[in-house]
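K.L.:
Join these two chains into a complex; the hints should help.
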Amino acid sequence: MEIAASDLVRMIAAVADDLETNKDELCRLDGLIGDADHGIAMALGFGAARDAVTALGPEAEPSAVLNAAAKAFLSGVGASCGPLYATALMRAGASVKGKARLDDGDAVALLRGMETGIRDRGKAEPGQKTMLDAWAPAASAAEAALSAGNDLPQCFDAAVMAARDGAEATRQMVATKGRAERLGDRSLGHVDPGAASAVMVIAAMARALPA
Amino acid sequence: MRTKKIVNAGDHAVDEMLDGILAAHSGHLARVAGTKRAIVARDGPRDGKVGLVIGGGSGHEPTFVGFVGRGLADAAAIGNVFASPPPDPILACTQAVNGGAGVLYMYGNYAGDVMNFDMAAEMAAMDDIEVRTVLTTDDIASAPRDRRDSRRGVAGNFFIFKVAGAACDRMLDLDEVERIARKANAHTFTMGVALAPCSLPQTRRPNFEIGAEEMEIGMGIHGEPGVARGPLEPADSIVDEMMDRILAEMAPAKGDRVALLVNGLGATPLMELYIMNRRVRQRLDDAGIGVHATWVGNWCTSLEMTGASVTCMHLDGELTAFLDHPCDCAMFRVG
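If you read the sequences in order, they're chains D and H. Counting in the numbering used here, the first sequence runs from 20 upward without gaps. Counting in the numbering used here, the second sequence runs from 230 upward without gaps.
Heads up, some of the hints might be wrong.
What the hints assert, rightly or not - Using 30 Å as the maximum straight-line C-alpha spacing, the simulated DSSO-like pairs for lysine-lysine come out as follows:
1) H/Lys-233 / H/Lys-265
2) D/Lys-116 / D/Lys-90
3) H/Lys-483 / H/Lys-412
4) D/Lys-142 / H/Lys-412
5) D/Lys-90 / D/Lys-196
6) D/Lys-90 / H/Lys-233
7) D/Lys-142 / D/Lys-196
8) D/Lys-118 / D/Lys-90
9) D/Lys-196 / H/Lys-412
Claimed, not checked - If you want the footprint, here are the derived chain H segments under chain D, 3+ residues with CB under 8 Å:
10) 310-317
11) 552-564
Just so you know, the hints here were simulated from the structure itself, not pulled from any lab data. Just so it is clear, CB atoms sit at the ideal spot from N, CA and C, and this is done for glycine as well.
Chain H on its own, in the form it takes in the complex (with noise of 0.2 Å):
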């Protein structure tokens, strides 16, 4: 059966999507000029300052281009859906917002991601930009905790990403930046789960199967199959299975503080984001851990699927300067 979705021809949908998005956002966001899918901040790029990049494939939205603004992401190179960008839009961005200060490239740990912005990093530095890359590694369902650096990137890009940009806003020098951003990338901590498949404009069919009383942990925000399969259980007892496994990972002392995402994978009504929301703060409390600030929504989205992710970071007093540093993005606003 083919789903429904409201678009024109397939392959234009992400092109079509942006121009969307410029059309609603011109304060925040423009092209580079030139291209098509090199999204540059209006305020942020500037000399001196390390330039952030971030990117990849559509279907994330508001990540990636969401968060493309003063305090925040410099640019971004916008792929096709759950497809990396070519080199060429990241090169864009790079010279757009190279401040002779170098560089950082930010997304998520996939090797498509991978090789496209390993080969726009090597024509940058034909240009004499330097540049230096933090992969994202949230995923805690996508590997063992020996293996973090195998582990997807997903929601907790979010965290990251805006840590990182706050310590370029600073002026930081490019070592520092790149110090504060691995930091923070191993301070968060995402678990998903998906109960329903989403589907590519192109096809128009369910990317998974997966049967009506059946959930999916660990799923990735591109439908790739989870860790494990397991009759839906009510939310107390998803949350449970989910803040186990973070709990577990994050390690944090009676005392500690997190920052916390209750994401929507797109189908998700915020109903049940907040029901899942309120057993994470249950949770929370009983280990006598702190919540210094909360996002319930939709910020890191795999199109129309049905599902959701918890994700924490494991806050100090560094990360949590950096967090609330503000920020003033197309779809997204600190301070």
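For reference, chain D alone in the conformation it holds in the complex (with noise of 0.2 Å):
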């Protein structure tokens, strides 16, 4: 399979219909263990993500319909998902700069550069009960789909069930970075919502793969 930089718009502007469909129910578990922010912080990152990429001429390369996106990202919302994402976003561009159309192994690549700018900027690791415990999962997953010989939709299957199962262990997980990390064991028994929204990115992404 091919990548080429007008699926990369349909993947962005794919996740920014499902954050904001599903922002409410971020905003809820947010509420549970931080500021009930995520769902509106990530809808509107998203969002101004799509904006910025789908106004791109058509000559634009993937790398630079990546950086874009990082771009309006960051100036759109702040927060915390601002400088996460928006370093996942470049980071994911520099994985692919050069390249006209992206091929299963750049797409994976294109994966773990989101999952490595996440973990530099956060300066988080897995099992701490963020984003990444969604994240690192599925890149690895995905990588290891690859190197078996599957082809790009079943990697990204593969990435979107870790990040599910990633998202879901949070819930055992006592958070000790960002801001769940003062509740302590209160944080017990909850999903991260920045994992949550993850999954959501993730399988998002894999469903607007070109057919």
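P.N.:
Now the structure itself:
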């Protein structure tokens, strides 16, 4: 499978649509252990990213699409997810720099690039009850599926499943990073809203892959 | 159930609030040209002075924008409700207040704010502006004492910003301003309690649930759950629990002096804040601690949350002088 810049635009738009649909649920999750604004910030951020990339001309390369999305996300929201997803998109852009079309390996590298951006900017490690607990297993699962000879939709399916399991596992974690850190044991039993939204992001990307 | 609010579209709340603030306080405040959410003091930034940039999410008014003015902060970067501003307005504030002596960032210790302000600082460095950062960590309920650096910044911002702004206004250099700002933070202790939730203009849904007869001790100013939930107590018992913790941390000697802030979170009336202040004063008197100055009111709010916090700044001669230094802001004046 090959992914063109226009496919990336469609994938980003799909993410924005899903987050808009689910923003109340994400705010509700965030209200349990945080400040109840995560859905608003994510929907605003990917909405700004979608608006920026749909305005690009057809000559824009994949890395330019991802950089424009990063820039728009960053100036569009702030919050915690602004720097995290902006850096994720920037790293994804760097990972496919100079390519006009992405092959399966490039697309999996793009997922890993996003994960690395989130990890570096947030200075988190898996197990701290953050969005990284969805992103890290998702990137690894996609890589494992690729080296086992699967095609790209299968790689993304593996990423979505791993992200979902990772998000579910945050229920059993005590937050040691981010705003819920101060809750200590009271964060137990709740899914991390950043991990929940990460599942939505990866699932929307998977759904919008070219047929 | 949806909460009732006097708003237009929820997504426009912050910008429409700023329009109203600028209309009311045009003598004190202006937007940095070309920005919507970078607010700078009309009088304050000047050559040779360390610039003080504060900021954070909206919903805490008069924190942060109300503390912009001569003798206090030079500019504030404004985020969405309870969300850090992005780097752009922070950088615009930085450039607007740069007088060649460096710029100090001060804001509450939250992961989102740290990432956005750090990115702005990296961009400012490319403009050859030296930026230092002092995070406020006055909320003693938010982490144990040996992890002071992990604590949240809450209403104590009021004193900590005030002292740092005075140090800037006296034209001290960046090293000295930073030292004084850190000292002000280390000497400031806040403890809060919440009785009822607030709601965001976009969701208009209570952001946490709490029983009719319950209170949450140590709740954050964004409605983050606190350290413990218990039955609602009479005012004196609530204050005693707060003051026990504050005094244990502050460890004052007899004859020491404090500055006092009894702060409402938005929906608690002044009547109740003054009832609290009565007990705070009794406790300080009993401990032989003098009160240099008291502020009672809504200084660091959480939209319409019901609840209050008590802040003590443990004073010495240096901090007292900076606290008493005049300032003239849109929503706060000393001298």
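K.L.:
It remains to establish, for every hint, whether it holds in the given structure.
P.N.:
Against the structure, the hints come out as follows:
1. H/Lys-233 / H/Lys-265: 27 Å, holds
2. D/Lys-116 / D/Lys-90: Given pair D/Lys-116, D/Lys-90 holds - Cα atoms ~16 Å apart, limit 30 Å.
3. H/Lys-483 / H/Lys-412: Satisfied, since the Cα-Cα distance of roughly 21 Å is no more than 30 Å.
4. D/Lys-142 / H/Lys-412: Within the cut-off at roughly 27 Å; holds.
5. D/Lys-90 / D/Lys-196: 25 Å, holds
6. D/Lys-90 / H/Lys-233: 35 Å, violated
7. D/Lys-142 / D/Lys-196: 9 Å, holds
8. D/Lys-118 / D/Lys-90: 20 Å, holds
9. D/Lys-196 / H/Lys-412: 26 Å, holds
10. 310-317: That given contact holds, which follows from 8 residues of the segment 310-317 of chain H lying within Cβ reach (below 8 Å) of chain D.
11. 552-564: violated (count 0)
Consistency with the previously given hints fails for numbers 6, 11, ordered from lowest to highest.
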